[in-house]
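These protein sequence lines map, in sequence, to chains A and B.
Per the numbering used here, residue 1 is the first one in the first sequence, and the count goes up by one each step.
Per the numbering used here, residue 1001 is the first one in the second sequence, and the count goes up by one each step.
If you're looking for bench data, these hints aren't it; they were derived computationally from the structure.
Quantities reported herein were computed from a predicted structural model and do not represent experimental measurements.
It is possible that part of the hints are untrue.
Lysine to aspartate or glutamate pairs mimicking DMTMM-like chemistry, simulated, CA-CA at most 20 Å apart [to be verified]:
no.	chain 1	residue 1	chain 2	residue 2
1	A	K154	B	D1055
2	A	K124	B	E1051
3	A	K214	B	D1021
4	B	K1042	B	E1016
5	A	K20	A	E290
6	B	K1022	A	D123
7	B	K1023	B	D1055
8	A	K154	B	E1051
9	A	K154	B	E1029
10	A	K215	B	E1051
11	B	K1320	B	E1226
12	B	K1252	B	D1294
13	B	K1022	B	D1012
14	A	K47	A	E208
15	B	K1023	A	D123
16	A	K124	B	D1294
What follows is a set of in silico ranges between Cβ atoms, one per label pair, in the way DEER data are often shown [what the hints assert, rightly or not]:
no.	chain 1	residue 1	chain 2	residue 2	range
17	B	S1091	A	L302	20 to 30 Å
18	B	P1141	A	S173	40 to 50 Å
19	B	T1277	A	S173	38 to 48 Å
20	A	A286	B	K1022	45 to 55 Å
Glycine included, every Cβ here is placed at the ideal spot set by N, Cα and C.
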Amino acid sequence: MYESMLTQRMLEEEVVELFKQGLIPGLAHPYIGQEAVAAGVCASLGKGDLVVSNHRGHGHSVAKGVPERTILSELMGKDAGMCLGLGGSMHSTDLEAGVIFSTAIVGGGIPLAVGVALALQMDKSGNCVVCFFGDGATNTGAFHEGLNLAAVWKLPVVFVCENNHYAVSVPVSKSMSAGIVQRAQAYGIPGLFADGMNVLDVYAVSSEAVFRAKKGEGPTLLECETYRYKGHGVYDTGLDYRTQQEVDEWMRRDPIRAFEKKLTDDRLATIEELGSVHDKVKSRLAEAVEFAKNRPYPSDDLLTRFVWA
Amino acid sequence: MTDISYAQAIRDALAEEMRRDKKVFVLGEDVGKFGGSFKVTKGLLNEFGPERVRDTPLSENAIIGAAAGAAVMGYRPVAEIMYMDFLHECSDQLVNHLPKMHFMTGGKLTAPVVVRTQYSLGRNTGAQHSQFFPSFYMNTPGIMVATPSTPADAKGLLKTAIRGSNPVLFVECAALYGRRGEVPEGDHLVPFGEADIKRPGNDITIVAVSRMVGEALAAADALASEGINVEVIDPRTLVPLDTDTILSSVKKTARLITAEDSCSTCGIGAEIVARITERAMDYLEGIERIACPDIPAPFSPPLQKAYMPGKDAIVASARKLVS
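Can you build the whole structure from these sequences, using the hints too?
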C-alpha cells in the first residue's frame, strides 16, 4: 500500500510537470492528496475483482496495477497507451489489471458499475466491482438510480465516494444539506465512513464492504473523506475558492507521511527501507516517462478502426 | 411463411434468441408479468424466469447503464425503453457511454446492447409520448439504428441486432404492433445496411421510414391509377444507411421523396437528400421532403390529423414532381 500511494503521488507529480511542458494535451485531474483511498480500497480487493473509475482516475489505475508506462503513454496520446491513445487522461481500461472502464461524465460510471456487478452476480463469480466517484457525483440522478437498482438486485458492488469537499469549485456545504453517507439509508444499504487520509482505515472499512458484496449481501456506500491538494484540473490553482491555509491544514495530514510515520513508529519498516522504495518508484517512473516520450503517436488509420466492433 | 403481427414477430425474435444464447436477457420497466406496456414481452417471463426477464425500477439511465455494464462483461442485454421520448432520460448512457465504449477503450470493450423502444405518433398521446427522432442517433457515431416497418423485417432485424457486436437502437412503431404480415419460417435474419425495395417503379423514388412505408405503398396504389409508377424504398436501418440503393433508384427516376414521422428540420430526409444531392446532382429533377412540421405533437385528434404526414401528402408531392 505504501508503494502504491507513493507511485500514485510521484506519477501525478510527473503528470503536472509533463502538462506544463506541453507533453500532455487536453485535460488531466491530479489525484494528489487522495492516494490513501485508491490504495486502501484496491488492497482490499482480490483476484477477479474489478474497478470502474472516473475522470480523476490515475490513482485508481496505479493502485490496480496498471503499468505506469501505459498510463503515461495514454496521457500523452501515444500508441502504447492503455486505450491506444483514443481515450486520454479520463479514460482507462486495462482488463488484465481489472480496470474495466473510466468515464469522464461525473456519475456516469455508477449505472455502468451496476451492470458490471449484475454480470458478476449472474456469472456466480464470487467477485465484486468497486465504483469510484466524487462528492459531486452524489448529486446526479445516475447516483440515485444506480444505488437504488443495485440495492434492489443485491448486487456485488461497493460504491466508493471520495469526498474531497469540492465539486470543481463548489463546496459540499453549498451543494447538499445532509451528509453523503446518510444517503445509503434511503436505499436500505449500509453506509460506511472512512478517514480517507488514513490508508489503514480505508483498507479496514473497504474490506468490510467488499466482504459483504462477495457474500451476496449487496452493495455498500463507502464515503472516504479526503482532500485534493491541487486544483480541479492541472490548469486550476485551486485557490480561487479555497484558502492556502485550508490546503496547508490538509497537507499536514498527508496520507503518505502519516503512513510512513506509522510504519516506522511500529517498527514495521526503517527509514532506509522506505527510502529504497522511494528510489525504486522514482527510477521506474523515470523509465516510464522516457518510454512514453519515445513512443510514436498513433497512425491515422486508428481513427476508423474502432468505431464499430 | 407464417402470418403474424409485428408485435408477435418481435416477441418470437426475442424468444428464439434467448433460447439460442443464454447470455441474452431482457430488462426494462414492466417487461415481466405485465409483458411490457405494449405486451411485446408477454410470456417471456414464464419461459425464461425472472433472472433473464428483469423488471426494473423507473430508472431509464440505470437501465441502459446496467445493460452497457453487463454487455462489456459478455452478456447480450435487450433493454426496453417504453416510449422513444424517454430516451432523453437515459441520454447520458445512450449517447455519452454506449456508442463510445468500443472506440475510447481502443477496442478493448464491446457493448452489444439492443435498446428497444417505440414511438406512438398517431395514437393521441400528446407532445411527450409521440416523438420520433432517429436522426439524432444518426448524428451519434457508434450506435446502429433500425426502424422496421413489417413483421418480417422486425423479426429479422432484431435477431441480427442481438447477435451483433455493436449497440443498436431498435425503434418500433406502436401503430404497427397489430399489423400482420408474412414472416419466413426458420432462422430468419435481415442484414443491417440493406435497404428493401418494397415496390419497384420508374417515375419517382420514395424513401419511407417505419409507419410511412405503409403510407407510401398506399400512395403508390393511388398514383398507379394515374399512371405514375413510384419506387418505394425502405432503408430498414438508418445506421448503416444503404445510400447506394437509393442512389441507383434516383439515377433511374430523377425524382426523390422522403417520408418520415420525424420533424422536418435535420430529420432523416434532410440527411438522405444531402447525400443524394452530393452524389447525383446532375440526375435530379425534383425533391420533396415529407415529415411532421417543426411543432411539438398536438393531442386533439383533428390537430393530430393535421400534424401527421401520410398517404395524401405523398400523393400530392408526387403529382407536383411529375407535373
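To see whether the hints hold, each was checked on the structure:
1. This hinted pair checks out: K154(A) and D1055(B) have alpha carbons roughly 14 Å apart, not beyond 20 Å.
2. The suggested pairing of K124(A) with E1051(B) holds, with an alpha-carbon distance near 12 Å, which does not exceed 20 Å.
3. About 27 Å separates the Cα atoms of K214(A) and D1021(B), which puts this hinted pair outside 20 Å; it is violated.
4. Taken as a hint, the K1042(B) and E1016(B) pair is honoured in the structure, with Cα atoms around 14 Å apart against an allowance of 20 Å.
5. For a cut-off of 20 Å, the pair hint linking K20(A) to E290(A) stands: about 16 Å separates their Cα positions.
6. A distance of roughly 11 Å separates the Cα atoms of K1022(B) and D123(A); the hinted pair therefore holds under the 20 Å criterion.
7. With a CA separation close to 17 Å, the supplied pair K1023(B) and D1055(B) stays within the 20 Å bound.
8. For the given pair, K154(A) sits about 13 Å from E1051(B) by alpha-carbon distance, which is consistent with the 20 Å threshold.
9. For the proposed pair K154(A) and E1029(B), the alpha carbon gap of about 18 Å is at most 20 Å, so the pair holds.
10. For the hint pairing K215(A) with E1051(B), the CA-to-CA distance comes to about 19 Å; that is within 20 Å, so the pair holds.
11. Between the alpha carbons of K1320(B) and E1226(B) the distance comes to roughly 13 Å, so the proposed pair stays at or under 20 Å and holds.
12. Using a Cα cut-off of 20 Å, the hinted pair K1252(B) and D1294(B) is violated, with the two alpha carbons roughly 31 Å apart.
13. Between K1022(B) and D1012(B) the CA atoms are separated by roughly 16 Å; this keeps the pair inside 20 Å, and the hint holds.
14. Between K47(A) and E208(A) the alpha-carbon distance is near 17 Å, which keeps this suggested pair within the 20 Å criterion.
15. Taken as a hint, the K1023(B) and D123(A) pair is honoured in the structure, with Cα atoms around 10 Å apart against an allowance of 20 Å.
16. With a C-alpha separation of about 51 Å, the suggested pair K124(A) and D1294(B) falls outside the 20 Å cut-off, and the hint is violated.
17. Between S1091(B) and L302(A) the C-beta distance comes to about 27 Å, which sits within the given range of 20 to 30 Å.
18. The beta-carbon spacing between P1141(B) and S173(A), approximately 41 Å, falls within the hinted interval of 40 to 50 Å.
19. One distance hint, 38 to 48 Å for the beta-carbon pair T1277(B) and S173(A), is violated here, with the actual separation near 57 Å.
20. One distance hint, 45 to 55 Å for the beta-carbon pair A286(A) and K1022(B), holds here, with the actual separation near 49 Å.
Checked against the numbered hints listed earlier, the structure breaks hints 3, 12, 16, 19; every other hint is satisfied.
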